[in-house]
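Position chain B with the ligand relative to chain A; hints supplied.
In the order they appear, the protein sequences are chains A and B. Residues 2 to 105 (the numbering used here) are what the first sequence spells out, left to right. Residues 261 to 639 (the numbering used here) are what the second sequence spells out, left to right.
No lab work stands behind these hints, which were simulated from the structure alone. Only true hints are included.
Listed next, the in silico DMTMM-like pairs over lysine to aspartate or glutamate satisfying Cα-Cα at most 20 Å (straight line):
hint: 1; chain 1: B; residue 1: Lys381; chain 2: A; residue 2: Glu56
hint: 2; chain 1: B; residue 1: Lys381; chain 2: A; residue 2: Asp58
hint: 3; chain 1: B; residue 1: Lys453; chain 2: A; residue 2: Asp58
Covered stretches of chain A, as calculated for chain B (at least 3 residues, CB under 8 Å):
hint: 4; stretch: 41-47
hint: 5; stretch: 51-65
Here chain A is said to cover these stretches of chain B; the calculated rule only asks that three of the stretch's residues, wherever they fall, bring their Cβ under 8 Å from a Cβ of chain A:
hint: 6; stretch: 372-382
hint: 7; stretch: 408-415
hint: 8; stretch: 450-456
hint: 9; stretch: 491-501
C-beta: ideal position from N, C-alpha, C; glycine also.
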Amino acid sequence: MNGPMLQSCGACCRRWQFRRGACPACGSAEVSEIAASGQGTVWSVTQVMRAPLSELDVPGGYGIALVTLVEGPRIMCRAENGLAIGERVTVTIRADNLPAATRA
Amino acid sequence: MAFLTGVAATAFGKHPGSDAPTLMETAARTAITDAGLPLEAVDGLVCGYATTFPHLMTATVMVERLGLKPRHAHQAAVGGATGAVGILLARHLIAAGACRHVLVLGGENRLTGQSRDDAVKTLAGVGHPVHEVPLGASVPAYYALVAARHLHETGASEGDLAELAVLMRRHAADHPGAQLTKPIGVDDVMASKPVATPLKLLDCCPISDGAAAVVVSAEPGQGASIRLAGWGEAHTHQHVSEMPDDLGLGARMAASAAFERAGRTASDMRLLGLYDSFTPTLAIFLEALGFAAPGQAGPMARDGLFGRDGHFPLNLHGGLLSYGHPGVAGFLAHVVEVVRQMRGEAGTRQVKGPPPLAYCHADGGVFSSHAGFVLERTA
Ligand SMILES: [Zn+2]
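Isolated chain A (complex conformation) (with noise of 0.2 Å):
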């Protein structure tokens, strides 16, 4: 299992997915990458019918969820349908390289 790469403060622990060059909690430098281990819960979800590109366009729509993961931070994902806020899921890094979010 890949799950998506984070970054982790070495001073106060906190975690986080967006890259930065230092934590936003406490300023510290001390920054290290993580793998996530892609599990959490469902903190919301939606299923885009309508695409911004038309390419992206699908019958059905397709899903996207934020998940919580159990690391601390919450980041979005494509989605599973039918997955409901507050479900486990496991998010792993598809081929595609974008993050998925299917039932735990």
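Below, chain B with the ligand alone, put in the same frame as chain A:
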């Protein structure tokens, strides 16, 4: 002290053949005339960006076009909050003694000046270029994620959100400049095309052409005196992935500062001009700012609380959802309506009173940047 002395908005909808500077020029000249000022009195300009006119120096273009000789001019970009931040900035410029009459301006041909795909793609770019946009997320999708969370947390229904679209449409019907005036009911909203669940087409504001302008001055103008009594901003995140768990946090931070500076509370307000890009935007603002209990914005709209004769009349021109949304001018049109109502100049839409206190609020991004202010009629 700062006062809102001049306001103007064009009709919103289609203005084929009018580019952004042309639309802005119309609104600017009308607002300056409305303030009763000669052109040379305008010594400041805060000009919003225009997606159909991606110029590095939009403010300077408008200085040249209008024939202004300002002591300060620049282009501002805070997404949907640009007009609100612009008005606060005008107040700060006046307080600093740098300017006496600042024009806050926005407008563009967002509807007819580009294809729908281009418009949607440009807007989706507020998402994170690595972690959000490649997933196929769009602005409606970002707001849909917040909307779904809001419904989950409050127990409100999609039908409750629909009430807010119905209300905005009812208000727009009384304004000759509104883009969408055909009456709708909750059923119409529920039956409209799904965009990103739980949002349907009628939960989303349209894309429009149009412009609006507000003059902020060091002294009251002719007629009613509308003072900027309190203001606040909050910038809690940019991307929805990093939005605080408390969906109303940024709105509440900006509003609390505004109410505190004005020495007022939400319950003192008698008129509201709240940004309504999507029905959940309005629901979250109404509930976070204390105008409705959690999950109750829709039911309270249905009961008439936010109508012209209600306790908190809201967006009486029809808001972004029905008056229309041409970008920066979108929120400025809320301010234009609020000022006209406070002056008692709103004609058939006029609230009884006229209202002595109003609160205006906008967000940019996805509840990312907030600016709010209290207006008080002092004479
Ligand atoms: Zn830290």
